[in-house]
Amino acid sequence: MRRNLLGWADLIALLVLAAGFFVPMLTHSVLVYSILNQVFTGVIAAESVWIMLRMNLLSFATPTFMAIGGYTVAIAGEYNVTDAFLMTAASFILPALVAIPLGALVLRLRGTYFVLVTFVLSQIMQLVLFETPSLTGGSNGIAGVPPVTLFGTEMGTNRQVLEFACGLAMLATLITGLLTRWFRQHFAAIEENEILAESLGLVVWRYKAMGFVVAAGISGLAGYSLVNMLLTAHPSSFDSGTAVDFIAYTIIGGRVSILGPVLGTGALVYATNLFGTHGQYAQGLYGVLILVVVLVARGGIVGTVAALWRRRTS
Amino acid sequence: MRHLLLAVAAIMLPATAFAQSCELKIGAMGPMSGGGAQWGLSMKSAAELAAAEVNQQGGVKIDGKTCKVAVVSYDSKYTPDGAAAGANALAGQDIHLIIGPVGSVENAAVKPVAARNGELAWNAAYATNAQEPKYPLMFQVSPPPAIWADLVIKRAMKTFPMKSVAIVVPNDQTGTDVASVDGAAYKANGVAATSEFYQRGTTNFAPIITRVLATHPDAVDTASSAPGDAGVIVKQLRLAGFTGPIGRVGGPGTAEILRVSGGMDVLKDFYWYEAVPTDDPKVQAIDDEYRKLLGHDPVGGTTFWSYLPGARMTMKALQTAGTNDADKVAAVLRTMPVEDPNIGKGYWTGKKYFGIQQTLFFPFGIGIIKDGKNLGVERQEAQPE
Amino acid sequence: MAEFSQAAIIGVSLGAQYALLALGFTLIFGILGVVNFAHGGFYMLGGYVAYSCVAYAGLPYPLAVLVAVIATGALGWIFELYLLERMVDDHLATLMLTLGLYLVMSTGLLTIFGPLSMEFAFPVKGAMHLGPIYVPRENLIVLAICLTTIAALWLVLYRTDLGRGLRALADDRAIAMAQGLRPKLLFPLAFAIATALAGLTGALVTPILSLSPGVGDPVLATSFLTVILGGLGSLEGAALAAFVVGVVEAFSSVYFGGSIGALVLFVLVLLLLVFRPTGLLGRTVRGA
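Protein chains in written order, with this note's numbering: chain A, 1 to 314; chain B, 1 to 385; chain C, 1 to 288.
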């Protein structure tokens, strides 16, 4: 059977994201721009979580690789290297390269050991950032990162920042879609029963390593998007706690399809901004929302919508 | 068709737009959950009291209409992402005056966003670049350690002669910044200073204390560590048998340190900086006024008191400007005399240190506890630059 | 030399504190397969309940600790029975539920008690000094309670029918249920025991350290670290690892400082896992 390069879910996800390009024609509200920027960054990060979930691995390593991608861009900015294509490539490739030896270490672990060890990785990254002030600015981070340039033009306005984030999110979605579509059966076999897959001759480690490395690259793009949005690379942006957010985006959205991380991010980022203006109650409201969605919507937003759809059509 | 559109538009508009009085929203921002919640909630209390005072007088006149002032608070979680999102979320509600953010981390992210959105903001950051001339809408509630560290150390040395000090701070931005400023100030006074960084989230400081005491310092300074952390550090230092003076040339929070550490007998010899002269009954009366106007207790103590003058002056500037346009309010603020009914007379400062004169400098306090007896918080008048 | 002995003493007292936390965490994971993100919340809640009993109800401290244990256990029971139980087989859903609970708990405590640290002191004060070395008395009490708890938990799990039932559910839920074990009763019970342990730790340790709405956050990271090092679901492993983590943390902090010390600890754990992918005393586990 000839595989399609992309599935319908990937295409819908791309279309949903592409709508971001048209938003500036409808509104100039800074709030809308701000939320969309956060959504695009979040979608990229959540997609890296989602790739690992395809192989039944829950990863807390997203902020670790986001930091590598983000700091790559910030440090390059100090040398006035801001070219969009170059930095997109660098923020993908560097984390991916780092992921190769790290993957060799951590992919030996399965299940919750993997969860916890990736959590430790993100803690280590925080300390590495603190202990390397000459390179990363230490606890101060790197402020005043110059905006990205596309074909020599600076992309500094609100609208351009949004468009660039939108483009990055689409690129990440495209890569994620291609990867998970191409290795669909392999990933599914690993997710279903890794030991069985291995005994049937699937070289499991090869696909896991592939997934881990690409997920790391995608996280790097998220780091790029974040740094370009804030114009600052700061250690606290890549705190291990943020990994929990990205996991929540993916699970609340639904792990069954790539639409999950896209819709989940949209919903939770919107909720965060909405609840944020309730000051000290913000976290509690967010917590209640998570409890309710998990209890009411099995399979996340996408899973629930799909179930409703099936019930209507059957 | 046109009538229909107009009718729809009329329904969509908020009803207050048609009422005689209007509502003007200001923002309060800072961490309102987690370890730094106290600071963000202090910002909120400050904004609430300043707004309540104005409302009691009948509100502010904005563009010819008399408006009540309402406070919208945003939990920026002590992260740059949270703070940037907050500045945008508040701008989305047409809020241009923000009491906050608190930390250097938040402030660094708010600066460019607020400049883009035309928002005036009041930070309480200690970073060496907390204020920058290229961000003229940023104001600061109180001066950074570089302005007062030397005075506090000089006063402390009168009561507690010392030759060496160990500065214990968390390994985050505020920690490293304050440690370097304090360290330089100690050295300028002939005291050898070493810095010891602990991992954020540390709850038990016994190992760090063992390490610090191995160098036999005369004094230990908890600088800008969170009050809860500092309380544990004090408690464990005394438990380890340390008898020298303990300082806090950093943030306020001595009342909390006292509670956590177990009392005066434990603190024993202690010197600290207070952002306002806390022993002054007029300063303490702020809490009574808050209770009277808002019906519940404020959060914060010293932090709340020291954030309040900025919030009050903003309200005054807003009234004079007659608009909530951040540029116009800022212009009024810069020319306003620095004065607060509870705290006293102050000055604008920051030109020498930051290159921009938008930092409030009010009378502050230096507290001394000697042999377990509180000698009180001595009032220090602010000096013009 | 004095520092060396002091570091060892501190390491053991840190270990006792970590062991109490890690035991509950690993119990929940071993039996229910749930990674409990709310563990730090129960630690905090234990502290605040004990504090309230002492400060508002005037109870003596030991009784306050008991009330805290019962309250956190009861809340754990209710949470498991009414919320977690519905999705106990979906590990991602349970992770989200415990996360949601944690956020709600910490907001609740912040709203009720405010952001400032409480005045909550351990009734036993002072330290025993042996030359340059000191041992705080309060740490000895925590250590004694910790060792008693480990022993009691071991007895319950390995010497009673209840324990056999819990272990059978941990080993293979389907077979255990086929043999007539009732997870509807045993799961909430296991969760309640674990949250009560977190509550006990909170009630014991927060008066020694500090009590404010932020103190639950580091609990999760420590429990994580301890439990993977020990081997998930292994009681003995968690207890052993807790003392290893405590001692390594103490020595690395004393000799390398807080920041590099933490780095040393993390890297050691990472390396150990590479060579022993199931922790010190662990076995292979199900997927995420």
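Honestly, the hints are just simulated from the structure, not real lab data.
These numbers come from a predicted model, not from an experiment.
Be a bit skeptical, because a hint or two may be false.
To be verified - Estimated spans, in silico, between C-beta atoms of each pair: (1) G190/B - P133/A: 22 to 30 angstroms; (2) M264/B - I112/C: 22 to 30 angstroms; (3) S134/A - K134/B: 53 to 61 angstroms; (4) P133/A - K134/B: 57 to 65 angstroms; (5) E381/B - I112/C: 35 to 43 angstroms; (6) F22/A - I175/C: 26 to 34 angstroms; (7) K351/B - V292/A: 51 to 59 angstroms; (8) E198/A - R137/C: 31 to 39 angstroms; (9) P133/A - W154/C: 18 to 26 angstroms; (10) K61/B - L295/A: 36 to 44 angstroms; (11) T194/B - F4/C: 41 to 49 angstroms; (12) I195/A - M177/C: 31 to 39 angstroms.
Claimed, not checked - Simulated crosslink set (DMTMM-like; lysine to aspartate or glutamate; CA at most 20 angstroms straight-line): (13) K352/B - D371/B; (14) K351/B - E385/B; (15) K134/B - E192/A; (16) K163/B - D269/B; (17) K187/B - E132/B; (18) K125/C - D265/B.
As the list claims (entries may be wrong) - Beyond 12 angstroms from chain A on every Cβ pair, some chain C residues (computed): (19) T94; (20) T149; (21) L155; (22) D217; (23) F243; (24) V274.
Backbone N, C-alpha and C define an ideal beta-carbon position, used for all residues, glycine too.
Hints versus structure:
1. G190/B - P133/A: 22 to 30 angstroms: Given a distance of about 28 angstroms, which is inside 22 to 30 angstroms, the answer is holds.
2. M264/B - I112/C: 22 to 30 angstroms: 28 angstroms, holds
3. S134/A - K134/B: 53 to 61 angstroms: 25 angstroms, violated
4. P133/A - K134/B: 57 to 65 angstroms: 24 angstroms, violated
5. E381/B - I112/C: 35 to 43 angstroms: Because 40 angstroms falls inside the window, the suggested range holds.
6. F22/A - I175/C: 26 to 34 angstroms: 57 angstroms, violated
7. K351/B - V292/A: 51 to 59 angstroms: 53 angstroms, holds
8. E198/A - R137/C: 31 to 39 angstroms: Between E198/A and R137/C, where Cβ atoms are some 55 angstroms apart, the hint is violated.
9. P133/A - W154/C: 18 to 26 angstroms: Since P133/A and W154/C have Cβ atoms about 47 angstroms apart, the given range 18 to 26 angstroms is violated.
10. K61/B - L295/A: 36 to 44 angstroms: Given about 50 angstroms between the Cβ atoms, the range is violated.
11. T194/B - F4/C: 41 to 49 angstroms: Since T194/B and F4/C have Cβ atoms about 21 angstroms apart, the given range 41 to 49 angstroms is violated.
12. I195/A - M177/C: 31 to 39 angstroms: 23 angstroms, violated
13. K352/B - D371/B: It is violated: about 38 angstroms lies between the C-alpha atoms, which goes past 20 angstroms.
14. K351/B - E385/B: 8 angstroms, holds
15. K134/B - E192/A: 57 angstroms, violated
16. K163/B - D269/B: 16 angstroms, holds
17. K187/B - E132/B: 27 angstroms, violated
18. K125/C - D265/B: Distance ~12 angstroms between K125/C and D265/B Cα, so the pair holds.
19. T94: 9 angstroms, violated
20. T149: 23 angstroms, holds
21. L155: Holds, because the least Cβ-Cβ distance between L155/C and chain A comes to about 27 angstroms, which exceeds 12 angstroms.
22. D217: D217/C not clear of chain A: closest Cβ-Cβ about 8 angstroms, inside 12 angstroms.
23. F243: 19 angstroms, holds
24. V274: 5 angstroms, violated
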